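Take a look at the letters that make up each chain.
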Amino acid sequence: MKRFTAVLPFLPLVVLMATAYVWPVGTVVRGSFIEADGTAGIGNYRQILESYYFRDALFFSLRTSFLSTFIAMALALVMALALRDTFPGKRLALFMSQYNLSVPRLAAAMIMVLLLSPTGFLSSAAYSLGLTDGVAGFPWLVYDAKGIGLVITFVWKFFPYIGLSVLGILQSASRELEEQAATLGVGPWRRFFHVVLPTVIPAVTVSTILVFAASFGDYEAPAILGSAQRRSISVMLYLKYVDPDMKNPPEAFAMMVLSSLVLMVLILGYRWLTAGGARKRGL
Amino acid sequence: MKRARGLILAVAGIVLLFPLAPLLLWSFTTYWRWPVVWPNFDGGHWLRLIADGRILPALGNSLLLSTLITCFALALSFFPAKILGTRNFRGKRLLELLLLVPAFIPQISVVFGMQQVFMKLGLYSNFPGTLTANLVFYVPYATLLLAAVFEDYDIALEEQSRTLGVGRLKTMVFVTLPAVRSGIIVTGVFCFIGSWAVYLLNNVVASPRFHTLPGVIFPLVSVGNNSYSTIATAIIIYILPVLFLLFITSKALASAGNLTKHNIL
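Top line first, the protein sequences correspond to chains D and L. Counting from 0, one number per residue, gives the positions in the first sequence under numbering that gives the first Met the number 0. Counting from 0, one number per residue, gives the positions in the second sequence under numbering that gives the first Met the number 0.
Excised from the complex, chain L in its bound form (with noise of 0.2 Å):
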């Protein structure tokens, strides 16, 4: 059994990682072309990618885009997710099973009706219209994930405080957010995790002169003659943020489970 687990990890292991070893490898080489596995060191594509000037705002871009999808998705799902993950009411299964629709039906469904509305609304091609139609999908998901937390939540501990006459805002600041602390990180890293991905949904919607992170990479790859070691560099600039993300918090990841169990994540 354990030479087995050994194994499969070690498999597993190399499974995962071995597709960033060319990326790693490529961004640090020069006129690396087929057939050569082992290049000379160069670091001149960060540099020039870097030069280049359209990467850093689109990486400011991108990291303002998230962090403000991930902040109105939290404060916008925290109450319903609190009543959804701790009461029982009639119509709480569709309810549920109505928030999963926009993670389910694709988005290029979609994105062309949000333009049109959009619109209509006075929200196409600008920032507050981007980041609505980011919310749309995060929202809902963010709630789901935090009913899921909510679940395991023992609102004992609320009405205890209160009777000791803490009041509202005292309880939720000492009382509430402590206890789902967890939950709401796990949340709040797959939100921006998420929306770093974006690329269709700000294409249709988002102003052509506002770009993130996946409008500028993108194009490297489908439109134009650039090398392999242009693309790996641009590719680690975009998946670093969100990995370093993801390893600051895994901590709290780790207690995902709790999740998982509710059959969501």
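Next comes chain D alone, as it looks inside the complex (with noise of 0.2 Å):
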């Protein structure tokens, strides 16, 4: 009985999940493995990794994202650094730190098109500042196949969102360690790299993880900027399920097992890593 009592709150969450998440996850997963002529196989495994769009759409993610999770985490660090102590003003400079939490990541893709497109507000004061001689002078920042604006989109988006999470670590973690290393004469930049960063990535573990995932799985900005000739794998997928042009849904669906597959592998990898540098230094 007690059992039961204990296992009854779940009971909402489980039927939601079992039916509305796993069972699609199962429909993904046996549709990767129907091929065209109705058999069952893994012959759509065996033709996308000879695909090169899928490859290049892989790889493009995934540089894109772990490009965007390492620039923001660098500048989350900086900037919980700056906040941590009291200061006046601190609550605003909280608020503004945080404000872009609230703005969709679509709503984010769209403001740097305004910004930063040949047309856009940053390429007019460059024109009339006489920095360039039209729009052909203006550098490609969106809709390019380097992702510079995705990378960009996803730095401004997300590096407030680790910001918080450092934050919270500094505040709450004694900064003995850090006073003892500097009473010993160690340096501001070593104490940086020997203290606080062992404290912090640990820490920061899960977030730094959503970031790269959330990156890595959006749709809508690299959809809203990115280029044609390299697409994301989020679009590369929709299309391959939708678009009369390229549609292939038993492939589609390999690319999404498999695609997922390597995020997930990636994940975990990352997250043994940093688990084990803890254990080593007994945090």
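Derived by calculation from the structure, the hints in this document are not laboratory data. Being a predicted model, the structure only gives us computed values, none of them experimental. Backbone N, C-alpha and C define an ideal beta-carbon position, used for all residues, glycine too. Any given hint could be a false lead.
Partial pick of chain L residues on the chain D-facing surface, computed with a CB cut under 10 Å [claimed, not checked]: (1) Leu15; (2) Phe27; (3) Val109; (4) Thr131; (5) Lys169.
Derived pair list, reagent style DMTMM-like, types lysine to aspartate or glutamate, alpha-carbon separation capped at 25 Å [stated by the list, open to error]: (6) Lys119(L) - Asp242(D); (7) Lys246(D) - Asp84(D); (8) Lys169(L) - Asp153(L); (9) Lys250(L) - Asp84(D); (10) Lys169(L) - Glu157(L); (11) Lys169(L) - Glu95(L); (12) Lys145(D) - Glu49(D); (13) Lys91(L) - Asp151(L); (14) Lys119(L) - Glu49(D); (15) Lys119(L) - Glu34(D); (16) Lys145(D) - Asp242(D); (17) Lys91(L) - Glu150(L).
Stretch by stretch, here's where chain L covers chain D in the computed footprint (C-beta under 8 Å, at least three residues) [to be verified]: (18) 43-53; (19) 97-106; (20) 222-236.
Put the two chains together into one complex; each comes in its own frame, and the hints tell you how they fit.
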């Protein structure tokens, strides 16, 4: 009886997830093994492993999200270090550094188009300052094959999010270690790399992973400011399932499964690495 | 140190706020094209966009959907979160890991499977289905956030209240809820903000006649030839409600430190 009352609150959650998440995931996985002639097999997987577009999109998304997460992490650290003490105006500074948590990625991507496109605000400003001699003189920062606009959007959107986590850690962790290191004559840079970073990195593993996964799986931002030559994985998957010219649902399913697996392996690997680091330091 | 902080905060402030400048300028100007930097004033886009008749109903739909998602997510996650946060049992770490899965796996990999299953269940292309589809992502998320809140909660308070003869419901209303109030607010705000941004999921699962704000705004950029002024105005309408929500709850958010400490936010 006691067992039952402990399990009961989980019931709606379990029913919801089983029918509306696990079942759909199963549908996708099952669909990925159904080949063009209706038989079951791994033909779709063999096909997509040879597909240049799949590899290119996967690599492009991994690179974009790795860069975004790394830069966001670095900025978050700097920001959290600047915000951790109490000072006049801290509440305002905190709000300013958090407000774009509320800006949806779709809006963030559109804001970046208005700001960075060759006919956008920065281009106009550069021209009137005499820095460029026309629309063509401004670098392609959106719709570009390198994904610069995507990285800028993700960093802008996500660094406050990691920053909030880092700030939480820095404010709750005692400063004793840092102070001891300072007394022993350890300089600020070495203190940062040998004391602050090892405390912060394992503690923000989950938010780092969430940001990495969110940039990897995001559809809206690359759909708005991505390039037509190099598609991000989610845009490619969408087209593969929906677009009349590219449509091939079984292959799309196989790509969905494979790209998710790649992401899961990376996430678990990273988690294992940071957890190992934390264990070694006895944290 | 002080000067470094001032410098960092100033640069961060500019980087964070600067992208909003063209947004505000553009939405109140007309015929503002490359390479003009300073425009003339015109509020016409606001009137035209509102008169267009799609934005306001979509705003209403978004408010309704996000509010319902938030309420359901909080209601369904409250008791599981309380157990997760206050008790220890075998398989707890695994359960927490499983709850993170919907946040990790790209939505694009799941939505078309959801579309197929929802068609079978009669949940495709209608409001209950749309709500359910969103809850799949926000109930586990809310459970994890609230569980972190409950880890700081002293369950002895409840036992004391019960010992003193206070009923279950009264204990819940007067003891439990006030103790975790700011955590609930933060969780609710994050659910609301998150669901406010949902485009892909609603695009695939919801009825084509049910438009939320992102559903109306996305095509403004990707399809057709809309002026930057129209786009800028639409974005402002889109982000103002969530910005306002974040602003009025910033005090509770400031105490989100005890959420982040638990490594979840």
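Here's how the hints hold up against the structure:
The beta carbon of Leu15(L) comes within 6 Å of a beta carbon in chain D, closer than 10 Å, and the hint placing it at the interface holds. A distance limit of 10 Å between C-beta atoms decides the matter here; for Phe27(L) the minimum to chain D is near 14 Å, and the interface restraint is violated. Evaluation of the Val109(L) hint against chain D yields a held restraint, the C-beta minimum of about 6 Å falling below 10 Å. With a least beta-carbon distance of about 5 Å to chain D, the hint placing Thr131(L) at the interface is held under the 10 Å criterion.
A cut of 10 Å between beta carbons decides the hint on Lys169(L): the least distance to chain D is about 20 Å, and the hint is violated. Between the alpha carbons of Lys119(L) and Asp242(D) the distance comes to roughly 23 Å, so the proposed pair stays at or under 25 Å and holds. Taken as a hint, the Lys246(D) and Asp84(D) pair is broken in the structure, with Cα atoms around 55 Å apart against an allowance of 25 Å. Using a Cα cut-off of 25 Å, the hinted pair Lys169(L) and Asp153(L) holds, with the two alpha carbons roughly 17 Å apart.
Taken as a hint, the Lys250(L) and Asp84(D) pair is honoured in the structure, with Cα atoms around 18 Å apart against an allowance of 25 Å. Restraint check for Lys169(L) and Glu157(L): satisfied, since their Cα atoms lie roughly 10 Å apart, inside the 25 Å limit. Between Lys169(L) and Glu95(L) the alpha-carbon distance is near 30 Å, which puts this suggested pair outside the 25 Å criterion. A distance of roughly 23 Å separates the Cα atoms of Lys145(D) and Glu49(D); the hinted pair therefore holds under the 25 Å criterion.
Proposed proximity of Lys91(L) and Asp151(L) is supported: the alpha carbons are some 17 Å apart, at most 25 Å. The straight-line distance between the Cα atoms of Lys119(L) and Glu49(D) is roughly 34 Å, outside the 25 Å bound, and the hint therefore fails. Restraint check for Lys119(L) and Glu34(D): the C-alpha separation of about 22 Å stays at or below 25 Å, so the hint holds. With a C-alpha separation of about 24 Å, the suggested pairing of Lys145(D) with Asp242(D) holds against the 25 Å cut-off.
This hinted pair checks out: Lys91(L) and Glu150(L) have alpha carbons roughly 13 Å apart, not beyond 25 Å. Counting residues of the stretch 43-53 of chain D whose CB lies closer than 8 Å to any CB of chain L gives 0, which falls below the minimum of 3, so the coverage claim is violated. Counting residues of the stretch 97-106 of chain D whose C-beta sits closer than 8 Å to any C-beta of chain L gives 10, which meets the bar of three, so the coverage hint holds. Evaluation of the coverage hint for the stretch 222-236 of chain D: fulfilled, as 5 residues show C-beta separations to chain L shorter than 8 Å, against a requirement of three.
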